[in-house]
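The listed protein sequences correspond, in order, to chains B and F.
The first sequence begins at 1 in our numbering and counts up one residue at a time.
The second sequence begins at 196 in our numbering and counts up one residue at a time.
Derived by calculation from the structure, the hints in this document are not laboratory data.
Every residue, glycine too, gets a C-beta built ideally from N, C-alpha and C.
Be aware that one or more of the hints could be misleading.
Quick partial rundown of chain B residues pointing at chain F, CB under 8 Å, derived from the structure [unchecked claim]: (1) Tyr25; (2) Arg48; (3) Pro58; (4) Gln61; (5) Val162; (6) Trp164.
Derived CB-CB ranges, DEER-like [to be verified]: (7) Ser179(B) to Phe296(F): 57 to 65 Å; (8) Ile171(B) to Asn277(F): 47 to 55 Å; (9) Thr260(F) to Leu187(B): 19 to 27 Å; (10) Leu292(F) to Leu187(B): 45 to 53 Å.
Residues of chain B placed beyond 12 Å of chain F at every Cβ, according to the derived structure [to be verified]: (11) Gly30; (12) Pro43; (13) Gln60; (14) Lys132; (15) Asn150; (16) Ser160.
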Amino acid sequence: MNRRTHLVLYRATHVLYPRVFREEYGEDLGAVFEEQLDELGAPRCWLRTVRDLLVSIPAQQLEARMKKPGSSHAFVFPLALGIGSVLMTAVIGTSMYAVLFAVVAVASFAVAIALRRVAKSAIELEKSSPWKTFLAGGSLMVGGLVILLNLPANKDVDLSPVEWSALMLSILISLSLISAGAVLGALQVNRKRHR
Amino acid sequence: MTKREKPLPTASLYLLLALLAGENHGYALMQLVEGQSDGAVRMGPGTLYGTLNRLLADGLIIETTGERADGDRRRYYRLTTNGDSVARAELHRLRSLVARFKGIRGLEGVTT
């Protein structure tokens with residue numbers, strides 16, 4: 001195997017690094033690899049390189065994920081709803097409210113993913129703070145509750161205390177989310193004005 | 196004295212100590228680190244540039260590419276004022292650690 005083949009093989013592994021890292025340091029990684037190849041010879045160079053790849057690729061991937069703005073908070077709300085629906089199902093059995101929670105959790109996951117896709121860069125993502133997710137999630141919940149309560153089958157139905165509590169809790173959560181979204185949104189608008 | 200509370204990770208520490216001798220490029224730093232650690236710290240390219248990237252982000256080193264008159268196009272790195280004081284503080288910490296063990300019987304050969 002000639003020197004160029006070794007380098008092509010090594011460069012092929014760069015695809016496993018985060019894009020930002022390989023764009024910034026791809027050339028330098030290749031240059032250092034070539035110098036190592038000359039100094040150590042192929043077997044020792046590859047032994048060291050494989051060890052390095054096994055350590056540095058997961059480290060860089062983890063670092064890149066931790067640096068992504070909004071990577072955690074955008075998913076906290078749908079995750080909380082998802083856990084909430086599982087807990088509700090465990091406590092009160094499969095009821096329409098637990099199902100509603102699950103539907104809203106899935107819907108808000110979709111909203112969170114859509115927001116991330118809409119944001120074309122990390123900077124734009126940072127600008128699209130979580131208030132939109134809160135507002136969208138809260139509004140979805142209110143909309144779902146209104147539809148659910150106005151279904152012909154649910155009219156004039158006496159709710160059990162557990163169902164009544166679940167309904168109150170859902171209303172409380174949805175209104176809290178809308179309020180949180182409104183407050184965070186107002187704060188962001190205010191911050192932008194002062195810039 | 197130091198602006199950094201936690202001890203540095205091994206790779207970062209050795210790279211900062213290697214840069215105390217003056218600015219240098221990636222491969223030379225890798226060799227210096229291997230020499231200074233008696234072969235105990237052998238970095239590969241990914242670890243080297245990953246660590247340099249972190250040190251740059253922390254403001255402990257800066258890149259000096261483009262400032263060289265000899266036409267060398269490799270990236271060179273040097274310590275910032277903060278990086279220099281962090282490296283010296285780390286050396287001081289290690290020296291204090293060795294000094295603390297000097298009086299212990301059986302460690303005379305290790306701590307001199």
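Status of the hints after comparison with the structure:
1. Annotation: tyrosine 25(B) was flagged as interfacial toward chain F, and the flag holds, the nearest CB pair being 4 Å apart, inside 8 Å.
2. Look at arginine 48(B): its Cβ gets to within about 5 Å of chain F, closer than 8 Å, so that hint holds up.
3. Taking 8 Å as the C-beta cut-off, the interface hint given for proline 58(B) is violated, the closest approach to chain F being about 10 Å.
4. Proximity of glutamine 61(B) to chain F is violated relative to the hint, the smallest CB-CB distance being about 11 Å (cut-off 8 Å).
5. Because the closest C-beta pair between valine 162(B) and chain F is about 50 Å apart, greater than 8 Å, the hint is violated.
6. Because the smallest distance between the Cβ of tryptophan 164(B) and any Cβ of chain F comes to about 52 Å, over 8 Å, the interface hint for this residue is violated.
7. Between serine 179(B) and phenylalanine 296(F) the Cβ separation comes to about 59 Å, which falls inside the hinted range of 57 to 65 Å.
8. Checking the proposed 47 to 55 Å range against isoleucine 171(B) and asparagine 277(F) shows it holds: the Cβ atoms sit about 53 Å from each other.
9. The hint said 19 to 27 Å for the Cβ distance between threonine 260(F) and leucine 187(B), and at roughly 41 Å that hint is violated.
10. At about 47 Å, the beta-carbon gap between leucine 292(F) and leucine 187(B) stays in the expected band of 45 to 53 Å.
11. Its closest Cβ contact with chain F, about 8 Å, brings glycine 30(B) to no more than 12 Å, contrary to its assignment away from the interface.
12. Against the 12 Å criterion, proline 43(B) stays outside the reach of chain F, whose nearest CB is about 15 Å from its own CB.
13. At roughly 6 Å from the closest C-beta of chain F, the C-beta of glutamine 60(B) falls inside 12 Å, breaking its exclusion from the interface.
14. Its beta-carbon lying about 29 Å from the closest one in chain F, lysine 132(B) satisfies the requirement of being farther than 12 Å from that chain.
15. Every CB of chain F is more than 12 Å from the CB of asparagine 150(B) (nearest about 54 Å), matching its label as outside the interface.
16. Against the 12 Å criterion, serine 160(B) stays outside the reach of chain F, whose nearest CB is about 55 Å from its own CB.
Violated hints, listed in ascending order, are 3, 4, 5, 6, 9, 11, 13; each of the other numbered hints is respected by the structure.
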